[in-house]
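J.: Position chain W relative to chain R; hints supplied.
Number of protein chains: 2
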Amino acid sequence: MNKNGGERALTITTKNSPFSIEDTEPLLPWLSSFGQSEGGGVSRLLYTPSWLEAQLALKQKMEQSGLHTYFDSVGNLFGRLEGKQDTVTILTGSHIDSVINGGKYDGTYGIIASFLAAQLVYQKYGKPKKNIEVVSLCEEEGSRFPLTFWGSGNITGKYSITDANNIHDANSVSLRTAMNEADFNPEHYQSPVRKDLEAFIELHVEQGIILDRTRTSLGIVDSIVGQRRFTVQISGESNHAGTTPMSYRKDSLYFASKYIYFLTNKAMKLDQDLVITAGKMNVMPNTPNVIPGNAEFTLDIRHHDEAVLETFCNEARHTLDQMAKELTMCAKMSKWLDIKPVPMNTPLTALATKIAKEQQISYRKLMSGAGHDAQVFGEYCPTALLFVPSKDGISHSPKEFTNKADLENGVRILTEFLYQLAY
Amino acid sequence: MNKNGGERALTITTKNSPFSIEDTEPLLPWLSSFGQSEGGGVSRLLYTPSWLEAQLALKQKMEQSGLHTYFDSVGNLFGRLEGKQDTVTILTGSHIDSVINGGKYDGTYGIIASFLAAQLVYQKYGKPKKNIEVVSLCEEEGSRFPLTFWGSGNITGKYSITDANNIHDANSVSLRTAMNEADFNPEHYQSPVRKDLEAFIELHVEQGIILDRTRTSLGIVDSIVGQRRFTVQISGESNHAGTTPMSYRKDSLYFASKYIYFLTNKAMKLDQDLVITAGKMNVMPNTPNVIPGNAEFTLDIRHHDEAVLETFCNEARHTLDQMAKELTMCAKMSKWLDIKPVPMNTPLTALATKIAKEQQISYRKLMSGAGHDAQVFGEYCPTALLFVPSKDGISHSPKEFTNKADLENGVRILTEFLYQLAY
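Protein chains in written order, with the working numbering: chain R, 1236 to 1658; chain W, 1236 to 1658.
If we strip away everything but chain R, and leave its shape as in the complex, we get:
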């Protein structure tokens, strides 16, 4: 397959130009048709045929609408609106890959919105001063390979081709082989690191419930949370459920229950932005008439402030030790993930606020509890992350939904954003 798309006949059913804000909603099912299953879910994993088909269809649409297009070495697709000064670039976009059986909005919406905003700003104001580039990032989800942010990571220098060695998918296909099969030959890799980025703006569906619950059209992200993950192991004593008096027991599940109850309450009282989750729990021997000798569970702890995170995690460890002493059992807490919070650029979030006010679009500041490409760009160049609502907070599901008005408000905001930054 040729990545210039010349040999492929792609069914493109929507019009080519000029585009209007009304095209936002129809373009979503169009782009989601690549990799869509009969049940309506979308599976578009990095370097698979449906992924490549989507990128090539987008490329063709960008070209037909007047953007100059190109792929970088890892398959990030760019659509460029050349600036008059051609010195720095305002980059906007999101990721084209999906989770397995995901929805039509996650990632896809940010690409469509960026594409439309570039069209609309050009229609209204002509050629910009600075370059505007729309990007369809090759990978963010980590659904095929045990690695995330392959797209933004290559643009920002977090990753390079050497990181593709020794990474394999579930069928033992290496990342290098998969790249090559999609016609991105690792041997021809040239660093896609961009030195010309003045800002990156990502528009994304919230994947959370706050905007929907509060009937707010726009979320302006202050920061992307840091997260730490732990496994807690409790060792008590397996014993007969009938013959062991309560006072003689070392019941690991009782310990785990007490701990989860107290720690969750503590988190709820401490700070409304702190979230903690015991998501995975396994009990041994897991038999109705045996006191559980061992319990193991995970803790996922997130906050946008590294100091709060650090303090709370220390307290979590201290509480565990105290409880272990009190209940005369052993407990161990091991950290296996530690991602620092990434603040978004303050002038950019201020600009987003100003635009939302001017356009009388309801907005609120929030943090992102989920990871996004914006967190990779946020450590590299001034970055803004904007959300539109997700109905019932649903994401990574064919049930993802955002209504027409919110989708279009997002494009309006982004259009003005590009004007303010690039003209």
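Calculated from the structure, these hints are not laboratory results.
Incorrect hints may appear among the rest.
As a list, the in silico DSBU-like pairs of lysine-lysine whose alpha-carbon atoms are at most 30 Å apart [stated by the list, open to error]:
#  : chain 1 : residue 1 : chain 2 : residue 2
1  : R       : K1634     : W       : K1485
2  : W       : K1567     : R       : K1501
3  : R       : K1485     : W       : K1634
4  : W       : K1639     : R       : K1485
5  : W       : K1567     : R       : K1485
6  : W       : K1592     : W       : K1359
7  : W       : K1501     : R       : K1501
8  : R       : K1430     : R       : K1359
9  : W       : K1592     : W       : K1626
10 : R       : K1504     : W       : K1567
11 : R       : K1567     : W       : K1504
12 : R       : K1634     : W       : K1560
13 : R       : K1626     : W       : K1567
14 : W       : K1504     : R       : K1485
15 : W       : K1430     : W       : K1359
16 : R       : K1485     : W       : K1600
So, partial list: chain W residues that the calculated Cβ filter (under 10 Å) puts toward chain R [claimed, not checked]:
#  : residue
17 : I1445
18 : R1484
19 : N1500
Small disclaimer: the values here were computed from a predicted structure and weren't measured.
We put the CB at the ideal spot given by N, CA and C, even for glycine.
T.: Below, chain W alone, put in the same frame as chain R:
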């Protein structure tokens, strides 16, 4: 294989008679050698070759020591010391079957002790007034077939041969086929229900930790606990661990933790004889970064007083409903086991107490938190259940251990018991 044992050469290494109290300890490894694995564990499942071998070896030993032996239709083995009046019978014994990879004491000790007590009382006092029978009950554990107390159940009329229909082991061998293979032909079944039983006395290892912890030689069981088992299902909402604020969550594991913590505390305060165990817990989807939407766990609740059991179980249900309302989640509690408490015979436990005092053997009253054949007999005829200590409360394990002094004290008590009842 012929159940009269005539065709089998059994290696019997201990002497045949006269027996003394000193034989208690050596007879245990002898009987446990049938069905013993290289690792020292004992697996002697109902109607298997090792089970039959053990019963036949016992039969031979009983005969050589002067007892009249016979099997009933389901394979309970009896050794009879004929009384002068030959009207009623004092029955004593325990079960010959074991769990998979069990120890040398569970069941086996009660048979050996009964055999020796019958020898010793005869040596000392001659022929009894009433019949004394030693019984090696065919099955109690339920380790091969999904049914327990097959031995005592047939003697007391709880079961008959029709209950053997449609019961199969893990290899799809029916209970009827297994009986037949051990030469107990179900077609020749004659009811083993006994109308002549004046008392049943079972001596058993505690399988709990109370006697060992309190350094007591003898446990005199007041009653065998009733037990109820429930499955509790909690339905919340699976959601993103990062993007769902704490106040919006319906976290089923938080609910389960809170409930287990509170209910366990309530039980501990209410009554020291009440035991409750959440032994099995499964959480869905059981993923570190997803709020658990569903949690399911079991509750095993035991007490010797049906009224306490009833009140506490009602309270458990009420607390669950209250918490479900408070946390706006759904919770369901389904009962799948309900065994009533069985009190032991008061004059018999008084007699045991009197004997222990006279013999200056340390004793304490306790309840049995585990099930025993004595609970089946307890609903049929006057029954006593006596315990000797289990080191560290260990049972159903090759590590089961009871020291020589305690083993012998049990035999002494039982000998006197038989004298008091049968002479």
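J.: Now tell me, hint by hint, if it's right for this structure.
T.: Here is what the structure says about each hint:
| no. | hint | result |
| --- | --- | --- |
| 1 | R:K1634 with W:K1485 | 19 Å, holds |
| 2 | W:K1567 with R:K1501 | 28 Å, holds |
| 3 | R:K1485 with W:K1634 | 19 Å, holds |
| 4 | W:K1639 with R:K1485 | 29 Å, holds |
| 5 | W:K1567 with R:K1485 | 27 Å, holds |
| 6 | W:K1592 with W:K1359 | 21 Å, holds |
| 7 | W:K1501 with R:K1501 | 22 Å, holds |
| 8 | R:K1430 with R:K1359 | 28 Å, holds |
| 9 | W:K1592 with W:K1626 | 23 Å, holds |
| 10 | R:K1504 with W:K1567 | 29 Å, holds |
| 11 | R:K1567 with W:K1504 | 29 Å, holds |
| 12 | R:K1634 with W:K1560 | 28 Å, holds |
| 13 | R:K1626 with W:K1567 | 29 Å, holds |
| 14 | W:K1504 with R:K1485 | 17 Å, holds |
| 15 | W:K1430 with W:K1359 | 28 Å, holds |
| 16 | R:K1485 with W:K1600 | 24 Å, holds |
| 17 | I1445 | 7 Å, holds |
| 18 | R1484 | 8 Å, holds |
| 19 | N1500 | 9 Å, holds |
When each numbered hint is compared with the structure, no violation occurs for any of them.
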